[in-house]
Amino acid sequence: MRSHLLNGATAERYRRSVTEGVERVAATIATTDRPFTGVTVDALSPRIDEIDLDRPLHDTAAVLDELENVYLRDAVYFHHPRYLAHLNCPVVIPAVLGEAVLSAVNSSLDTWDQSAGGTLIERKLIDWTCARIGLGPAADGVFTSGGTQSNLQALLLAREEAKAENFADLRIFASEVSHFSVRKSAKLLGLGPDAVVSIPVDRDKRMQTVALARALEHCAKDGLVPMAVVATGGTTDFGSIDPLEEIAGLCEQYGVWMHVDAAYGCGLLASLKYRHRIDGIERADSVTVDYHKSFFQPVSSSAVLVRDAATLRHATYHAEYLNPRRMVQERIPNQVDKSLQTTRRFDALKLWMTLRVMGADGIGELFDEVCDLAAEGWRMLAADPRFDVVVQPSLSTLVFRCVPAAVTDPAEIDRANLYARKALFASGDAVVAGTKVAGRHYLKFTLLNPETTTADIAAVLDLIAGHAEQYLGDSLDRAS
4 MRSHLLNGAT AERYRRSVTE GVERVAATIA TTDRPFTGVT VDALSPRIDE IDLDRPLHDT
64 AAVLDELENV YLRDAVYFHH PRYLAHLNCP VVIPAVLGEA VLSAVNSSLD TWDQSAGGTL
124 IERKLIDWTC ARIGLGPAAD GVFTSGGTQS NLQALLLARE EAKAENFADL RIFASEVSHF
184 SVRKSAKLLG LGPDAVVSIP VDRDKRMQTV ALARALEHCA KDGLVPMAVV ATGGTTDFGS
244 IDPLEEIAGL CEQYGVWMHV DAAYGCGLLA SLKYRHRIDG IERADSVTVD YHKSFFQPVS
304 SSAVLVRDAA TLRHATYHAE YLNPRRMVQE RIPNQVDKSL QTTRRFDALK LWMTLRVMGA
364 DGIGELFDEV CDLAAEGWRM LAADPRFDVV VQPSLSTLVF RCVPAAVTDP AEIDRANLYA
424 RKALFASGDA VVAGTKVAGR HYLKFTLLNP ETTTADIAAV LDLIAGHAEQ YLGDSLDRAS
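Terminal number for the sequence shown in the numbering used here: 483, no gaps in between.
Keep in mind the hints are simulated off the structure, nothing from the lab.
Check the hints yourself; a few may be wrong.
To be verified - Below, computed lysine-lysine pairings styled on BS3-like, alpha-carbon distance capped at 30 Å: (1) K127 with K276; (2) K224 with K439; (3) K166 with K224.
Said to hold, decoys possible - If you anchor each label on the Cβ, the simulated ranges turn out as follows: (4) H89 with S430: 16 to 24 Å; (5) L343 with E26: 54 to 62 Å; (6) A462 with P203: 54 to 62 Å; (7) V25 with A223: 53 to 61 Å; (8) E23 with R328: 42 to 50 Å; (9) R382 with A322: 55 to 63 Å; (10) P140 with V21: 23 to 31 Å; (11) E179 with H89: 36 to 44 Å; (12) S430 with A363: 35 to 43 Å; (13) E168 with K224: 56 to 64 Å; (14) F170 with G365: 40 to 48 Å; (15) E333 with R217: 44 to 52 Å; (16) A119 with R329: 53 to 61 Å; (17) E333 with E179: 42 to 50 Å.
Heads up, the beta-carbon is just placed ideally off N, CA and C, and yes, glycines get one too.
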(Lines of atoms letter the chains of each structure in order from A and count residues from 1; the text may use other names and numbers.)
(Lines give C-alpha, C1' and ligand atoms only; values in the text may rest on other atoms or scores of the structure.)
Protein backbone atom coordinates (compact mmCIF):
# COMPACT_ATOMS: atom_id res chain seq x y z
CA MET A 1 0.00 0.00 0.00
CA ARG A 2 2.99 2.32 0.33
CA SER A 3 2.98 2.60 -3.44
CA HIS A 4 -0.04 4.92 -3.09
CA LEU A 5 1.80 7.44 -0.90
CA LEU A 6 2.99 10.50 -2.81
CA ASN A 7 6.74 10.85 -2.44
CA GLY A 8 9.89 10.87 -4.52
CA ALA A 9 9.62 7.20 -5.37
CA THR A 10 6.01 7.47 -6.58
CA ALA A 11 6.19 10.81 -8.38
CA GLU A 12 5.80 9.18 -11.79
CA ARG A 13 2.75 7.20 -10.68
CA TYR A 14 1.30 10.46 -9.32
CA ARG A 15 1.87 12.15 -12.68
CA ARG A 16 0.16 9.31 -14.59
CA SER A 17 -2.82 9.10 -12.22
CA VAL A 18 -3.49 12.82 -12.15
CA THR A 19 -3.08 13.05 -15.93
CA GLU A 20 -5.58 10.24 -16.37
CA GLY A 21 -8.05 12.01 -14.09
CA VAL A 22 -7.57 15.39 -15.76
CA GLU A 23 -8.07 13.85 -19.19
CA ARG A 24 -11.31 12.22 -18.03
CA VAL A 25 -12.65 15.49 -16.60
CA ALA A 26 -11.53 17.47 -19.64
CA ALA A 27 -13.31 15.03 -21.96
CA THR A 28 -16.47 15.29 -19.88
CA ILE A 29 -16.43 19.09 -19.88
CA ALA A 30 -15.72 19.20 -23.60
CA THR A 31 -18.76 17.05 -24.37
CA THR A 32 -21.23 18.39 -21.79
CA ASP A 33 -24.03 20.01 -23.76
CA ARG A 34 -26.31 21.02 -20.89
CA PRO A 35 -25.78 21.99 -17.24
CA PHE A 36 -27.51 18.94 -15.79
CA THR A 37 -28.79 15.56 -16.90
CA GLY A 38 -31.99 15.82 -14.88
CA VAL A 39 -31.17 12.72 -12.85
CA THR A 40 -33.40 12.22 -9.82
CA VAL A 41 -32.47 11.26 -6.27
CA ASP A 42 -34.34 7.96 -6.69
CA ALA A 43 -32.39 7.14 -9.86
CA LEU A 44 -28.94 8.07 -8.57
CA SER A 45 -29.10 6.76 -5.00
CA PRO A 46 -29.11 3.04 -5.89
CA ARG A 47 -25.94 3.43 -7.96
CA ILE A 48 -24.09 4.79 -4.94
CA ASP A 49 -25.77 2.48 -2.43
CA GLU A 50 -24.59 -0.62 -4.30
CA ILE A 51 -20.92 0.33 -4.00
CA ASP A 52 -19.10 -1.61 -1.27
CA LEU A 53 -16.45 0.72 0.11
CA ASP A 54 -14.74 -2.23 1.80
CA ARG A 55 -13.99 -3.80 -1.60
CA PRO A 56 -11.59 -1.46 -3.47
CA LEU A 57 -11.13 -1.74 -7.22
CA HIS A 58 -7.32 -1.42 -7.09
CA ASP A 59 -7.25 0.28 -10.49
CA THR A 60 -7.39 3.98 -11.26
CA ALA A 61 -9.09 3.55 -14.63
CA ALA A 62 -11.80 1.37 -13.10
CA VAL A 63 -12.37 3.89 -10.32
CA LEU A 64 -12.67 6.70 -12.86
CA ASP A 65 -15.19 4.61 -14.82
CA GLU A 66 -17.19 4.17 -11.65
CA LEU A 67 -16.88 7.88 -10.80
CA GLU A 68 -18.25 8.77 -14.19
CA ASN A 69 -21.30 6.66 -13.45
CA VAL A 70 -21.99 8.07 -9.97
CA TYR A 71 -20.75 11.66 -10.29
CA LEU A 72 -19.18 13.09 -13.42
CA ARG A 73 -22.03 12.25 -15.78
CA ASP A 74 -24.73 13.72 -13.54
CA ALA A 75 -22.88 16.58 -11.85
CA VAL A 76 -24.31 20.09 -12.08
CA TYR A 77 -21.84 21.93 -14.30
CA PHE A 78 -21.40 25.59 -13.42
CA HIS A 79 -19.25 26.20 -16.49
CA HIS A 80 -22.23 25.69 -18.80
CA PRO A 81 -23.71 28.99 -20.06
CA ARG A 82 -27.24 27.94 -19.10
CA TYR A 83 -26.41 27.33 -15.47
CA LEU A 84 -28.07 30.49 -14.14
CA ALA A 85 -29.00 29.54 -10.59
CA HIS A 86 -26.89 30.21 -7.51
CA LEU A 87 -23.74 32.17 -6.74
CA ASN A 88 -21.53 29.57 -8.40
CA CYS A 89 -19.05 30.78 -10.98
CA PRO A 90 -17.12 29.02 -13.72
CA VAL A 91 -13.49 28.78 -12.69
CA VAL A 92 -10.40 30.11 -14.41
CA ILE A 93 -7.69 27.68 -15.46
CA PRO A 94 -4.81 29.28 -13.48
CA ALA A 95 -6.84 28.77 -10.29
CA VAL A 96 -7.51 25.13 -11.14
CA LEU A 97 -3.78 24.69 -11.66
CA GLY A 98 -3.24 26.25 -8.25
CA GLU A 99 -5.73 23.76 -6.79
CA ALA A 100 -3.72 20.87 -8.21
CA VAL A 101 -0.48 22.24 -6.75
CA LEU A 102 -1.85 22.97 -3.30
CA SER A 103 -3.51 19.55 -3.03
CA ALA A 104 -0.32 17.71 -3.88
CA VAL A 105 2.01 19.70 -1.62
CA ASN A 106 -0.73 19.80 1.06
CA SER A 107 0.58 22.73 3.09
CA SER A 108 -1.36 23.63 6.20
CA LEU A 109 -1.59 27.38 6.68
CA ASP A 110 -1.89 27.42 10.45
CA THR A 111 1.80 27.80 11.32
CA TRP A 112 4.99 28.93 9.63
CA ASP A 113 6.70 25.59 10.16
CA GLN A 114 3.96 23.90 8.11
CA SER A 115 3.77 26.33 5.22
CA ALA A 116 6.69 28.81 5.01
CA GLY A 117 6.22 30.52 1.64
CA GLY A 118 2.51 29.73 1.71
CA THR A 119 2.16 31.92 4.80
CA LEU A 120 3.83 34.84 3.06
CA ILE A 121 1.81 34.39 -0.13
CA GLU A 122 -1.45 34.44 1.84
CA ARG A 123 -0.34 37.54 3.75
CA LYS A 124 0.61 39.26 0.51
CA LEU A 125 -2.86 38.58 -0.92
CA ILE A 126 -4.53 39.84 2.25
CA ASP A 127 -2.50 43.07 1.97
CA TRP A 128 -3.43 43.33 -1.72
CA THR A 129 -7.14 42.93 -0.98
CA CYS A 130 -7.03 45.41 1.91
CA ALA A 131 -5.37 47.93 -0.40
CA ARG A 132 -8.02 47.34 -3.08
CA ILE A 133 -10.69 48.02 -0.47
CA GLY A 134 -8.82 51.00 0.96
CA LEU A 135 -8.82 49.93 4.60
CA GLY A 136 -5.57 51.69 5.46
CA PRO A 137 -2.07 50.77 6.68
CA ALA A 138 -3.18 48.99 9.88
CA ALA A 139 -5.45 46.56 8.02
CA ASP A 140 -5.10 42.79 8.09
CA GLY A 141 -7.15 39.64 7.63
CA VAL A 142 -7.08 35.94 6.96
CA PHE A 143 -8.48 33.47 4.43
CA THR A 144 -11.60 31.54 5.46
CA SER A 145 -13.78 28.72 4.19
CA GLY A 146 -16.48 31.09 2.90
CA GLY A 147 -18.70 34.05 3.57
CA THR A 148 -20.55 32.44 6.46
CA GLN A 149 -17.31 31.90 8.38
CA SER A 150 -16.07 35.37 7.45
CA ASN A 151 -19.28 36.96 8.73
CA LEU A 152 -19.09 34.90 11.92
CA GLN A 153 -15.53 36.00 12.64
CA ALA A 154 -16.27 39.65 11.88
CA LEU A 155 -19.23 39.63 14.25
CA LEU A 156 -17.15 37.86 16.91
CA LEU A 157 -14.67 40.74 16.74
CA ALA A 158 -17.51 43.25 16.87
CA ARG A 159 -18.99 41.52 19.92
CA GLU A 160 -15.69 41.66 21.76
CA GLU A 161 -15.07 45.29 20.81
CA ALA A 162 -18.54 46.24 22.07
CA LYS A 163 -17.42 45.27 25.62
CA ALA A 164 -20.99 44.61 26.78
CA GLU A 165 -21.52 43.24 30.28
CA ASN A 166 -24.58 41.32 29.13
CA PHE A 167 -24.72 39.70 25.68
CA ALA A 168 -28.51 39.93 25.80
CA ASP A 169 -28.18 43.70 25.45
CA LEU A 170 -26.28 43.51 22.16
CA ARG A 171 -27.96 44.37 18.88
CA ILE A 172 -26.91 43.76 15.27
CA PHE A 173 -28.58 45.77 12.51
CA ALA A 174 -28.94 44.24 9.06
CA SER A 175 -31.32 44.69 6.16
CA GLU A 176 -34.30 42.41 5.78
CA VAL A 177 -32.63 40.84 2.72
CA SER A 178 -29.19 40.32 4.29
CA HIS A 179 -27.57 36.88 4.31
CA PHE A 180 -28.97 34.26 6.69
CA SER A 181 -25.50 33.86 8.23
CA VAL A 182 -26.01 37.12 10.16
CA ARG A 183 -28.75 35.52 12.27
CA LYS A 184 -26.88 32.23 12.40
CA SER A 185 -23.77 34.02 13.66
CA ALA A 186 -25.77 35.82 16.34
CA LYS A 187 -27.00 32.48 17.66
CA LEU A 188 -23.54 30.89 17.55
CA LEU A 189 -22.11 33.90 19.40
CA GLY A 190 -24.54 33.42 22.27
CA LEU A 191 -26.59 36.54 21.64
CA GLY A 192 -30.25 36.83 22.53
CA PRO A 193 -33.14 35.84 20.24
CA ASP A 194 -33.84 39.53 19.53
CA ALA A 195 -30.21 40.34 18.76
CA VAL A 196 -30.66 40.95 15.03
CA VAL A 197 -32.75 44.00 14.17
CA SER A 198 -34.16 43.77 10.66
CA ILE A 199 -34.01 47.08 8.77
CA PRO A 200 -36.49 47.54 5.91
CA VAL A 201 -35.28 48.04 2.35
CA ASP A 202 -36.36 50.43 -0.39
CA ARG A 203 -37.81 49.33 -3.72
CA ASP A 204 -34.29 48.68 -5.00
CA LYS A 205 -33.75 46.28 -2.05
CA ARG A 206 -31.21 48.56 -0.38
CA MET A 207 -31.20 49.22 3.35
CA GLN A 208 -33.21 52.31 4.26
CA THR A 209 -30.80 54.53 6.15
CA VAL A 210 -33.61 56.59 7.65
CA ALA A 211 -34.95 53.42 9.23
CA LEU A 212 -31.45 52.44 10.36
CA ALA A 213 -30.95 55.83 12.03
CA ARG A 214 -34.27 55.45 13.82
CA ALA A 215 -33.38 51.95 15.00
CA LEU A 216 -29.98 53.07 16.31
CA GLU A 217 -31.61 55.92 18.17
CA HIS A 218 -34.19 53.63 19.77
CA CYS A 219 -31.42 51.19 20.71
CA ALA A 220 -29.61 53.91 22.66
CA LYS A 221 -32.80 55.13 24.33
CA ASP A 222 -33.69 51.59 25.41
CA GLY A 223 -30.33 51.17 27.13
CA LEU A 224 -29.20 48.51 24.67
CA VAL A 225 -25.79 48.23 23.02
CA PRO A 226 -25.46 48.58 19.23
CA MET A 227 -22.88 45.93 18.43
CA ALA A 228 -22.65 46.10 14.65
CA VAL A 229 -24.31 47.23 11.46
CA VAL A 230 -24.03 44.70 8.65
CA ALA A 231 -24.19 46.45 5.29
CA THR A 232 -24.43 44.19 2.25
CA GLY A 233 -22.31 44.71 -0.82
CA GLY A 234 -24.39 42.47 -3.07
CA THR A 235 -27.35 40.64 -1.55
CA THR A 236 -27.77 36.98 -2.42
CA ASP A 237 -31.28 37.39 -3.79
CA PHE A 238 -31.03 40.69 -5.65
CA GLY A 239 -27.37 41.70 -5.90
CA SER A 240 -28.40 44.96 -4.27
CA ILE A 241 -25.77 47.14 -2.63
CA ASP A 242 -26.65 49.04 0.51
CA PRO A 243 -25.80 52.80 0.66
CA LEU A 244 -22.39 52.25 2.21
CA GLU A 245 -21.38 55.90 2.58
CA GLU A 246 -24.55 56.82 4.46
CA ILE A 247 -24.32 53.73 6.65
CA ALA A 248 -20.69 54.51 7.45
CA GLY A 249 -21.70 57.99 8.58
CA LEU A 250 -24.33 56.58 10.94
CA CYS A 251 -21.87 54.03 12.33
CA GLU A 252 -19.40 56.79 13.09
CA GLN A 253 -22.13 58.91 14.69
CA TYR A 254 -23.26 56.10 17.00
CA GLY A 255 -19.87 54.46 17.51
CA VAL A 256 -20.94 51.16 15.96
CA TRP A 257 -18.80 48.54 14.25
CA MET A 258 -19.50 48.55 10.50
CA HIS A 259 -19.22 45.24 8.72
CA VAL A 260 -19.67 44.98 4.96
CA ASP A 261 -20.68 41.58 3.63
CA ALA A 262 -19.25 41.87 0.12
CA ALA A 263 -19.09 38.13 -0.49
CA TYR A 264 -20.82 38.67 -3.83
CA GLY A 265 -19.93 42.24 -4.73
CA CYS A 266 -16.21 41.91 -4.07
CA GLY A 267 -15.73 41.43 -7.81
CA LEU A 268 -16.21 45.19 -8.09
CA LEU A 269 -12.82 45.59 -6.39
CA ALA A 270 -11.27 44.47 -9.68
CA SER A 271 -13.84 46.09 -11.97
CA LEU A 272 -12.67 48.50 -14.64
CA LYS A 273 -16.14 50.03 -15.03
CA TYR A 274 -18.21 49.69 -11.87
CA ARG A 275 -15.85 50.05 -8.89
CA HIS A 276 -17.75 53.17 -7.78
CA ARG A 277 -20.82 51.09 -6.97
CA ILE A 278 -19.12 49.88 -3.82
CA ASP A 279 -17.71 53.25 -2.71
CA GLY A 280 -17.82 53.57 1.05
CA ILE A 281 -16.53 50.05 1.67
CA GLU A 282 -13.21 51.59 2.66
CA ARG A 283 -14.87 53.01 5.79
CA ALA A 284 -15.80 49.57 7.13
CA ASP A 285 -14.31 48.02 10.25
CA SER A 286 -14.48 44.58 8.64
CA VAL A 287 -15.26 43.18 5.21
CA THR A 288 -16.20 39.74 3.88
CA VAL A 289 -15.02 38.78 0.40
CA ASP A 290 -15.67 35.54 -1.49
CA TYR A 291 -13.18 35.09 -4.29
CA HIS A 292 -15.06 31.90 -5.19
CA LYS A 293 -18.08 33.96 -6.20
CA SER A 294 -16.90 36.87 -8.32
CA PHE A 295 -13.17 36.27 -8.78
CA PHE A 296 -13.88 33.00 -10.64
CA GLN A 297 -12.04 30.82 -8.11
CA PRO A 298 -12.79 27.20 -7.16
CA VAL A 299 -14.50 26.65 -3.83
CA SER A 300 -13.31 27.50 -1.31
CA SER A 301 -11.58 30.85 -1.42
CA SER A 302 -12.76 33.59 0.91
CA ALA A 303 -11.38 36.07 3.42
CA VAL A 304 -12.31 38.38 6.26
CA LEU A 305 -10.50 41.71 6.36
CA VAL A 306 -10.31 44.23 9.21
CA ARG A 307 -9.35 47.90 9.39
CA ASP A 308 -7.38 47.42 12.62
CA ALA A 309 -5.19 44.32 12.79
CA ALA A 310 -5.23 44.51 16.59
CA THR A 311 -8.88 43.41 16.65
CA LEU A 312 -7.88 39.99 15.33
CA ARG A 313 -6.48 39.28 18.80
CA HIS A 314 -10.00 38.24 19.82
CA ALA A 315 -9.51 35.05 17.78
CA THR A 316 -6.03 34.35 19.16
CA TYR A 317 -5.21 31.42 21.42
CA HIS A 318 -1.79 29.94 22.07
CA ALA A 319 -0.77 26.31 22.44
CA GLU A 320 2.77 25.23 23.34
CA TYR A 321 2.68 22.46 20.73
CA LEU A 322 1.57 24.80 17.93
CA ASN A 323 2.03 28.55 18.36
CA PRO A 324 3.57 29.36 21.75
CA ARG A 325 3.57 33.01 22.82
CA ARG A 326 7.34 33.30 22.39
CA MET A 327 6.85 33.07 18.60
CA VAL A 328 5.20 36.50 18.65
CA GLN A 329 8.34 38.04 20.15
CA GLU A 330 10.46 36.08 17.66
CA ARG A 331 8.33 37.57 14.84
CA ILE A 332 7.39 34.17 13.47
CA PRO A 333 4.19 34.60 11.41
CA ASN A 334 1.57 32.04 12.40
CA GLN A 335 -1.74 32.47 10.59
CA VAL A 336 -3.57 30.42 13.24
CA ASP A 337 -3.18 33.48 15.48
CA LYS A 338 -5.77 35.22 13.29
CA SER A 339 -8.07 32.38 12.26
CA LEU A 340 -11.04 30.48 13.66
CA GLN A 341 -9.59 27.41 11.97
CA THR A 342 -6.45 25.48 12.84
CA THR A 343 -5.60 23.12 9.98
CA ARG A 344 -6.37 25.12 6.86
CA ARG A 345 -5.81 24.61 3.14
CA PHE A 346 -3.55 26.88 1.09
CA ASP A 347 -6.57 28.24 -0.83
CA ALA A 348 -4.78 31.54 -1.35
CA LEU A 349 -2.56 29.89 -3.95
CA LYS A 350 -5.46 29.76 -6.42
CA LEU A 351 -5.91 33.52 -6.34
CA TRP A 352 -2.13 34.01 -6.47
CA MET A 353 -1.86 31.93 -9.64
CA THR A 354 -4.80 33.80 -11.16
CA LEU A 355 -3.32 37.23 -10.49
CA ARG A 356 0.12 36.19 -11.72
CA VAL A 357 -1.29 34.78 -15.00
CA MET A 358 -4.31 37.01 -15.72
CA GLY A 359 -3.85 40.08 -13.54
CA ALA A 360 -6.56 41.91 -11.63
CA ASP A 361 -7.77 43.63 -14.79
CA GLY A 362 -8.41 40.23 -16.36
CA ILE A 363 -10.66 39.27 -13.46
CA GLY A 364 -12.35 42.66 -13.55
CA GLU A 365 -13.10 42.37 -17.26
CA LEU A 366 -14.86 39.05 -16.71
CA PHE A 367 -16.96 40.43 -13.87
CA ASP A 368 -17.83 43.53 -15.88
CA GLU A 369 -19.07 41.26 -18.67
CA VAL A 370 -21.59 39.52 -16.42
CA CYS A 371 -22.74 42.86 -14.98
CA ASP A 372 -23.28 44.13 -18.52
CA LEU A 373 -25.13 40.93 -19.41
CA ALA A 374 -27.45 41.38 -16.42
CA ALA A 375 -28.24 44.93 -17.51
CA GLU A 376 -29.18 43.66 -20.97
CA GLY A 377 -31.19 40.84 -19.45
CA TRP A 378 -33.11 43.33 -17.33
CA ARG A 379 -34.00 45.32 -20.43
CA MET A 380 -35.23 42.13 -22.09
CA LEU A 381 -37.41 41.22 -19.12
CA ALA A 382 -38.77 44.74 -18.69
CA ALA A 383 -39.88 44.73 -22.34
CA ASP A 384 -41.40 41.23 -22.22
CA PRO A 385 -45.10 41.20 -21.18
CA ARG A 386 -44.79 37.56 -20.08
CA PHE A 387 -42.62 38.53 -17.10
CA ASP A 388 -42.49 40.80 -14.08
CA VAL A 389 -38.95 41.81 -13.07
CA VAL A 390 -38.27 43.10 -9.56
CA VAL A 391 -35.26 45.46 -9.57
CA GLN A 392 -32.72 46.82 -11.99
CA PRO A 393 -29.48 44.94 -11.22
CA SER A 394 -26.52 46.50 -9.44
CA LEU A 395 -24.46 43.36 -10.04
CA SER A 396 -25.47 40.31 -12.07
CA THR A 397 -28.72 39.01 -10.58
CA LEU A 398 -32.21 39.14 -12.09
CA VAL A 399 -35.31 38.31 -10.04
CA PHE A 400 -38.53 37.88 -12.01
CA ARG A 401 -41.56 35.71 -12.52
CA CYS A 402 -43.73 34.56 -15.35
CA VAL A 403 -47.17 36.26 -15.35
CA PRO A 404 -49.37 34.54 -17.94
CA ALA A 405 -51.91 36.96 -19.38
CA ALA A 406 -54.86 34.62 -18.87
CA VAL A 407 -54.28 34.13 -15.13
CA THR A 408 -54.94 36.65 -12.36
CA ASP A 409 -54.86 34.45 -9.25
CA PRO A 410 -51.48 35.14 -7.54
CA ALA A 411 -51.44 31.69 -5.92
CA GLU A 412 -51.91 30.02 -9.29
CA ILE A 413 -49.11 32.14 -10.74
CA ASP A 414 -46.93 31.01 -7.82
CA ARG A 415 -47.62 27.37 -8.61
CA ALA A 416 -46.90 27.91 -12.31
CA ASN A 417 -43.51 29.43 -11.55
CA LEU A 418 -42.62 26.70 -9.08
CA TYR A 419 -43.58 24.10 -11.67
CA ALA A 420 -41.57 25.84 -14.38
CA ARG A 421 -38.43 25.83 -12.26
CA LYS A 422 -38.82 22.15 -11.34
CA ALA A 423 -39.62 21.13 -14.91
CA LEU A 424 -36.62 23.04 -16.23
CA PHE A 425 -34.32 21.36 -13.70
CA ALA A 426 -35.75 17.94 -14.51
CA SER A 427 -35.14 18.51 -18.22
CA GLY A 428 -31.54 19.52 -17.63
CA ASP A 429 -31.84 22.21 -20.30
CA ALA A 430 -31.06 24.98 -17.81
CA VAL A 431 -30.80 25.54 -14.07
CA VAL A 432 -32.37 28.59 -12.43
CA ALA A 433 -32.91 29.52 -8.79
CA GLY A 434 -35.98 30.66 -6.91
CA THR A 435 -36.85 32.95 -4.02
CA LYS A 436 -39.77 34.76 -2.46
CA VAL A 437 -40.62 38.45 -2.83
CA ALA A 438 -43.40 39.82 -0.63
CA GLY A 439 -44.51 36.26 0.01
CA ARG A 440 -44.76 35.35 -3.68
CA HIS A 441 -42.63 32.86 -5.61
CA TYR A 442 -40.14 34.34 -8.06
CA LEU A 443 -37.38 32.94 -10.24
CA LYS A 444 -33.79 34.08 -10.27
CA PHE A 445 -30.94 34.27 -12.75
CA THR A 446 -27.53 34.66 -11.14
CA LEU A 447 -25.32 35.50 -14.10
CA LEU A 448 -21.70 34.70 -13.34
CA ASN A 449 -20.61 33.12 -16.61
CA PRO A 450 -19.16 35.47 -19.26
CA GLU A 451 -19.92 32.77 -21.84
CA THR A 452 -23.66 33.18 -21.26
CA THR A 453 -25.25 35.29 -24.00
CA THR A 454 -28.47 37.21 -24.41
CA ALA A 455 -29.53 34.39 -26.75
CA ASP A 456 -29.15 31.97 -23.82
CA ILE A 457 -31.25 34.24 -21.63
CA ALA A 458 -33.94 34.52 -24.29
CA ALA A 459 -34.00 30.76 -24.83
CA VAL A 460 -34.32 30.01 -21.11
CA LEU A 461 -37.10 32.60 -20.74
CA ASP A 462 -38.97 30.88 -23.55
CA LEU A 463 -38.53 27.53 -21.81
CA ILE A 464 -39.82 28.97 -18.52
CA ALA A 465 -42.85 30.52 -20.19
CA GLY A 466 -43.53 27.27 -22.01
CA HIS A 467 -43.41 25.18 -18.82
CA ALA A 468 -45.62 27.69 -16.98
CA GLU A 469 -48.18 27.66 -19.79
CA GLN A 470 -48.11 23.86 -19.86
CA TYR A 471 -48.80 23.74 -16.12
CA LEU A 472 -51.67 26.21 -16.41
CA GLY A 473 -53.13 24.31 -19.36
CA ASP A 474 -52.95 21.02 -17.50
CA SER A 475 -54.45 22.71 -14.44
CA LEU A 476 -57.40 23.95 -16.47
CA ASP A 477 -57.87 20.49 -17.97
CA ARG A 478 -57.95 18.93 -14.50
CA ALA A 479 -60.43 21.51 -13.29
CA SER A 480 -62.82 21.00 -16.21
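Each hint tested on the structure:
{"no.": "1", "hint": "K127 with K276", "verdict": "holds, 25 Å"}
{"no.": "2", "hint": "K224 with K439", "verdict": "violated, 34 Å"}
{"no.": "3", "hint": "K166 with K224", "verdict": "holds, 18 Å"}
{"no.": "4", "hint": "H89 with S430: 16 to 24 Å", "verdict": "holds, 18 Å"}
{"no.": "5", "hint": "L343 with E26: 54 to 62 Å", "verdict": "violated, 38 Å"}
{"no.": "6", "hint": "A462 with P203: 54 to 62 Å", "verdict": "violated, 37 Å"}
{"no.": "7", "hint": "V25 with A223: 53 to 61 Å", "verdict": "holds, 59 Å"}
{"no.": "8", "hint": "E23 with R328: 42 to 50 Å", "verdict": "holds, 48 Å"}
{"no.": "9", "hint": "R382 with A322: 55 to 63 Å", "verdict": "holds, 57 Å"}
{"no.": "10", "hint": "P140 with V21: 23 to 31 Å", "verdict": "violated, 42 Å"}
{"no.": "11", "hint": "E179 with H89: 36 to 44 Å", "verdict": "violated, 20 Å"}
{"no.": "12", "hint": "S430 with A363: 35 to 43 Å", "verdict": "holds, 39 Å"}
{"no.": "13", "hint": "E168 with K224: 56 to 64 Å", "verdict": "violated, 19 Å"}
{"no.": "14", "hint": "F170 with G365: 40 to 48 Å", "verdict": "holds, 45 Å"}
{"no.": "15", "hint": "E333 with R217: 44 to 52 Å", "verdict": "holds, 51 Å"}
{"no.": "16", "hint": "A119 with R329: 53 to 61 Å", "verdict": "violated, 19 Å"}
{"no.": "17", "hint": "E333 with E179: 42 to 50 Å", "verdict": "holds, 49 Å"}
Of the numbered hints stated above, those contradicted by the structure are hints 2, 5, 6, 10, 11, 13 and 16, listed in ascending order.
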